[in-house]
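Just so you know, we're using our numbering here: the first sequence kicks off at 81 and counts up by one.
A couple of the hints might just be wrong.
What the hints assert, rightly or not - Straight-line distance between alpha carbons at most 30 Å, and here's what the computed DSS-like set of lysine-lysine pairs gives:
id: 1; residue 1: LYS89; residue 2: LYS556
id: 2; residue 1: LYS389; residue 2: LYS465
id: 3; residue 1: LYS157; residue 2: LYS89
id: 4; residue 1: LYS223; residue 2: LYS138
id: 5; residue 1: LYS131; residue 2: LYS405
id: 6; residue 1: LYS435; residue 2: LYS389
id: 7; residue 1: LYS497; residue 2: LYS480
id: 8; residue 1: LYS89; residue 2: LYS452
id: 9; residue 1: LYS465; residue 2: LYS480
id: 10; residue 1: LYS556; residue 2: LYS503
id: 11; residue 1: LYS466; residue 2: LYS131
id: 12; residue 1: LYS452; residue 2: LYS387
id: 13; residue 1: LYS157; residue 2: LYS200
What the hints assert, rightly or not - Computed spacing ranges between beta-carbons, pair by pair:
id: 14; residue 1: GLY535; residue 2: GLU178; range: 50 to 60 Å
id: 15; residue 1: LEU149; residue 2: SER491; range: 43 to 53 Å
id: 16; residue 1: ASN538; residue 2: LYS466; range: 41 to 51 Å
id: 17; residue 1: GLU160; residue 2: ALA130; range: 44 to 54 Å
In case anyone wonders, no lab produced these hints; they're calculated from the structure.
Ideal Cβ placement from N, Cα and C applies to all residues, glycine included.
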Amino acid sequence: MARNITPRKENYSQWYLDVIKAAELADYAPVRGCMVIRPTGYSIWENIQAKLDSEFKKTGHVNAYFPVLIPASFFQKEAEHVEGFAPELAMVTHAGGEELEEPFAVRPTSETIIGHMYSKWIQSWRDLPVLINQWCNVMRWEKRPRLFLRTSEFLWQEGHTAHETEKEAREETLKMLEVYRKVLEEELAIPVLSGEKTAGERFPGAVDTYTCEAMMSDTRALQSATSHFLGQNFAKAFEIQFQNREGELSYCWTTSWGLSTRSVGALIMTHSDDDGLIIPPRIAPVKAVILPISKDESIAENEILPKAKELSAKLDDELGGMFTKVDTDFHARPGDRFFAHLQKGVPLRLELGEKDLAAGTVRIVRRDTGEKIDVKNEAVITTVKKLLDDIQSNLYARAKNFRDENTRDASSYEELKEIIENKGGFVRAYFGGTPEDEVRIREETGATPRVVLPGGNNGKCIITGNDGARLTVFAKAY
RNA sequence: CGGGGCGUAGCGCAGUCUGGUUAGCGCACCUGCUUUGGGAGCAGGGGGUCGGAAGUUCGAAUCUUCUCGCCCCGACCA
81 MARNITPRKE NYSQWYLDVI KAAELADYAP VRGCMVIRPT GYSIWENIQA KLDSEFKKTG
141 HVNAYFPVLI PASFFQKEAE HVEGFAPELA MVTHAGGEEL EEPFAVRPTS ETIIGHMYSK
201 WIQSWRDLPV LINQWCNVMR WEKRPRLFLR TSEFLWQEGH TAHETEKEAR EETLKMLEVY
261 RKVLEEELAI PVLSGEKTAG ERFPGAVDTY TCEAMMSDTR ALQSATSHFL GQNFAKAFEI
321 QFQNREGELS YCWTTSWGLS TRSVGALIMT HSDDDGLIIP PRIAPVKAVI LPISKDESIA
381 ENEILPKAKE LSAKLDDELG GMFTKVDTDF HARPGDRFFA HLQKGVPLRL ELGEKDLAAG
441 TVRIVRRDTG EKIDVKNEAV ITTVKKLLDD IQSNLYARAK NFRDENTRDA SSYEELKEII
501 ENKGGFVRAY FGGTPEDEVR IREETGATPR VVLPGGNNGK CIITGNDGAR LTVFAKAY
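All chains, please: the whole structure from these sequences, using the hints.
Structure follows, in structure tokens:
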């Protein structure tokens, strides 16, 4: 049992912070609300980036970069947008030793400046669609920051597209939502519910907002990605117009979609345990660590290390990348070395000692289950590949079972309240109310509508009693 | 923004109430020896001026005032 990590049941927040610290994922920066993403944490983000970026490219998008400073007046142009973001904006008021005539906002998101540029670039239906993504940092002044989940500055990607027709823009919105679902579920092994947000949870300025909603291991919900259909709201605010096939001037239909370093927080809170971090193999910076072990440091270094390196090279070759690491910290005792890798969440540990050399085997230990097996040399590579696949699917299955076990149905508001208060988790209920009803539910229960499930639109609303309400998942959220 | 807690070595803390010799302890770190398949033992050693400022005093980590920052809970929040 880890002795530097608070058990989950004792204090979930502290457990989360302890896991991050023990795995050396991030540290607090000198500025409140800001964090330093340390190399291990950043490698995880790089792997998420790589998977997403390749999906974006496959779906026809290109990367570009827009500036971090945005004229403050841009935020005034879209009424809901300015109202939504005003409290979180950081402003630059001085530069070059002088007060600026017009302050600049440090971007909290880039709809405005991209809209501004699109209006210059788009003239004709032949210029459409425009499918651009950017990887960048954004800043939103947060009152209560939490590492990875809510920091004043964070990293993300934001896709911004402009289309000729509403249908095309709506298709794009859902296509990207599906990309997120796929990467979250297949690569991060995080099961998500993807669907629409209710009116009260909508992005400021969007017509429709969609989400990939995940359940953390304390049963609270975490929005892990969003995709917005912006209609013509930003096109009208920024005059993104084009001449259509009939020769008339019309406004574009735009979308935006994003996934941030918050997903690293989701990863941590979905899979990790009281011993520390657990990373799904497909995202893990190091998939397997090989430890030469001997009482005698010189035997470890001169006799076992070469074998370990050989095995490492063979595995990297087979796995198609530099995915294994040889632990050369011979001076440290095995227990210390085991725990170090345990806390960092490395999926597989391969122990190579004198006993193994004599027997022609390697001892392999899984991070997710702790299971140990001795494998014949000739079977090591196939076993490692199989185990990595097993761990990946086990983590997903484990998280999905947990979510399903903590998802319940409520047929009345009273029942919803009762479940949220006594059991927590996700509660499915038919809801067709207004944003005011959402506020009331939040104030009375602490829960908010997280996602409207696709399909079933024929229920009776638990608040209004009206028919035609949609099946909605409620939960307390991060 | 409200409530609570806290700033003393890299980390965790004691000392503060009842000012007084070179400010302690555990872990970590360095050196050596013995150890080594789930968090070793012994010996030696390095490192802090007590968040910051002003004040009271012969004397301040300790008392007073101001200030900066961090964490937790809540409110708020894409």
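Checklist entry - For this structure, which hints from the list above don't hold up? => result 3, 4, 17
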